[in-house]
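Chemist: Given two chains presented individually in distinct reference frames, assemble the corresponding complex, making use of the accompanying hints.
If you're matching them up, the sequences are chains A and B in order.
For the first sequence, position 47 (counting from the first letter as 1) is numbered 314 according to this note's numbering, and the numbering increases by one without interruption.
For the second sequence, position 51 (counting from the first letter as 1) is numbered 52 according to this note's numbering, and the numbering increases by one without interruption.
Simulated from the structure, these hints should not be mistaken for lab results.
Don't take each hint at face value.
Stated by the list, open to error - Here are some chain B residues pointing at chain A (derived, C-beta under 8 Å):
1. TYR49
2. ALA73
3. PHE75
4. GLY103
5. GLN105
6. PRO109
7. GLY110
To be verified - Once the Cα atoms are required to be at most 35 Å apart in a straight line, the calculated DSBU-like pairs of lysine-lysine come out as:
8. LYS69(B) with LYS25(B)
9. LYS328(A) with LYS378(A)
10. LYS25(B) with LYS79(B)
11. LYS69(B) with LYS79(B)
12. LYS378(A) with LYS69(B)
13. LYS25(B) with LYS328(A)
Beta carbons: idealized from backbone N, C-alpha and C, even for Gly.
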Amino acid sequence: AQSVTQPDIHITVSEGASLELRCNYSYGATPYLFWYVQSPGQGLQLLLKYFSGDTLVQGIKGFEAEFKRSQSSFNLRKPSVHWSDAAEYFCAVGVTGGGNKLTFGTGTQLKVEL
Amino acid sequence: DAGVIQSPRHEVTEMGQEVTLRCKPISGHDYLFWYRQTMMRGLELLIYFNNNVPIDDSGMPEDRFSAKMPNASFSTLKIQPSEPRDSAVYFCASGRPGLAVGEQYFGPGTRLTVT
Numbered sequence: 268a269q270s271v272t273q274p275d276i277h278i279t280v281s282e283g284a285s286l287e288l289r290c291n292y293s294y295g296a297t298p299y300l301f302w303y304v305q306s307p308g309q310g311l312q313l314l315l316k317y318f319s320g321d322t323l324v325q326g327i328k329g330f331e332a333e334f335k336r337s338q339s340s341f342n343l344r345k346p347s348v349h350w351s352d353a354a355e356y357f358c359a360v361g362v363t364g365g366g367n368k369l370t371f372g373t374g375t376q377l378k379v380e381l
Numbered sequence: 002d003a004g005v006i007q008s009p010r011h012e013v014t015e016m017g018q019e020v021t022l023r024c025k026p027i028s029g030h031d032y033l034f035w036y037r038q039t040m041m042r043g044l045e046l047l048i049y050f051n052n053n054v055p056i057d058d059s060g061m062p063e064d065r066f067s068a069k070m071p072n073a074s075f076s077t078l079k080i081q082p083s084e085p086r087d088s089a090v091y092f093c094a095s096g097r098p099g100l101a102v103g104e105q106y107f108g109p110g111t112r113l114t115v116t
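Isolated chain B, as found in the complex (with noise of 0.2 Å):
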């Protein structure tokens, strides 16, 4: 079974670019969660969908940030346009009930780096 997927593992982009990461998470999966991982402020939750509907956005740090998903097995995270703060590692999760609560799996993560 596959887990989590995202694409790109890593990307490099100048300050300004719109940059967009993608995720499929675990087929049956209907909680879909995104993070941010930097040094400084650790892993943060940015948003999560459950069922396709955002549920919580309030960890979007601007509205540079927006985030999509048009079916249960594809989403989205956009900047636009990125800025060298915005570079970290972003992680997409999955998660469905039944497991215990919060419960959640993660992909391999893409490395983002603003020049």
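Extracted from the complex, chain A is given alone in its bound form (with noise of 0.2 Å):
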């Protein structure tokens, strides 16, 4: 089965820094990669996807992901954080066969120091 580990559980940055937030996922074939945003009180809004093509996705609010498959990851990225970046941050996976399912990491918790 397949699996999604996000081993930061929290992070924090200051504001204008760049950012890394880490996935790893686990499955045998070509995976579809998700990164959804979730801030206080809302539900999840997709930040970008991946499923085939071009590894270096590009999302909302300036975000990008990148796919390597040698690494199972997909990372995700922004160059420069702002203080409204500051949210929950959930990486997924979705496969064929797997009936439209999803299946979540745990989340990754963003603080924005300003």
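Modeler: Put into structure tokens, the structure is as follows:
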């Protein structure tokens, strides 16, 4: 069965600094990979997705993620963090034949210091 | 285009009472998912539907939980009787073929508190 690991539970960065959130997945074939963001009191919003093609994908709010098959990783990056980026970030994997289900990681809570 | 709509946004009830949560998926989406989120257990998939038919309910915690989707634009999640440990945020999400496998769009959630 597929799984997703987000090794960092909490991350704190200064506003304007760069950000990288880690995500590792376990799946035998090429997965469909997603990053979602959840602001306090809100639902999950899709940031970006990868399912084929260019391994560097661009998303909303200036985020990007790179799929590295050799490392089974799909890390999320942003060159300059804004205070409004403070939220919880979830990595997720969908698999063909899985009925459109997602397997989520446990999330990384991002705090932005001003 | 309206997103996924959930009601109520907040629900406070006493133990033993029946609770019904409602969801309207995005028009044209034929997958509908119910999730529960707690601090202890994170985000859990409870059940999902495809074309109004329940496909996988293995995440439904107990017989006290039931879900229905009478038509393509409406689903309910019912808890009867409710217990304090059911306190959580319940999310509904929808998706459709043609999107990436697993691509889902979430509603704002219903925060349930059972006292």
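Chemist: Restraint: TYR49(B) near chain A, CB-CB cut 8 Å. Satisfied or not?
Modeler: Cβ of TYR49(B) sits 7 Å from chain A, so the hint holds.
Chemist: Does the nearest C-beta of chain A fall within a distance shorter than 8 Å of the C-beta of ALA73(B)?
Modeler: 15 Å, violated
Chemist: For the pair we were handed, LYS378(A) and LYS69(B), check the Cα-Cα distance against 35 Å.
Modeler: Violated: LYS378(A) and LYS69(B) sit about 38 Å apart, past 35 Å.
Chemist: Take the C-alpha atoms of LYS25(B) and LYS79(B), compute the straight-line distance between them, and say whether it is at most 35 Å.
Modeler: 15 Å, holds
Chemist: Are PRO109(B) and chain A close enough, Cβ to Cβ, to be under 8 Å, as the hint says?
Modeler: Holds: closest Cβ of chain A sits about 5 Å from PRO109(B), inside 8 Å.
Chemist: With the threshold set at 35 Å, check whether the alpha-carbon distance from LYS69(B) to LYS25(B) stays at or below it.
Modeler: Given that 35 Å is the threshold and the Cα spacing comes to 12 Å, the pair holds.
Chemist: Does GLN105(B) hold up as a contact with chain A if the rule is Cβ-Cβ below 8 Å?
Modeler: 6 Å, holds
Chemist: Does the alpha-carbon distance linking LYS25(B) and LYS328(A) stay inside the 35 Å limit?
Modeler: 27 Å, holds
Chemist: Taking 8 Å as the limit, does the beta-carbon of GLY103(B) come near enough to a beta-carbon in chain A?
Modeler: Because about 2 Å separates GLY103(B) from the closest Cβ in chain A, which is inside the 8 Å limit, the hint holds.
Chemist: Per the CB criterion, is PHE75(B) less than 8 Å away from chain A?
Modeler: Interface hint status for PHE75(B): violated (18 Å vs cutoff 8 Å).
Chemist: Are LYS328(A) and LYS378(A) close enough, with their CA atoms no more than 35 Å apart?
Modeler: 16 Å, holds
Chemist: Going straight from one Cα to the other, do LYS69(B) and LYS79(B) come out at no more than 35 Å?
Modeler: 8 Å, holds
Going through the hint list in order, the structure does not satisfy hints 2, 3, 12.
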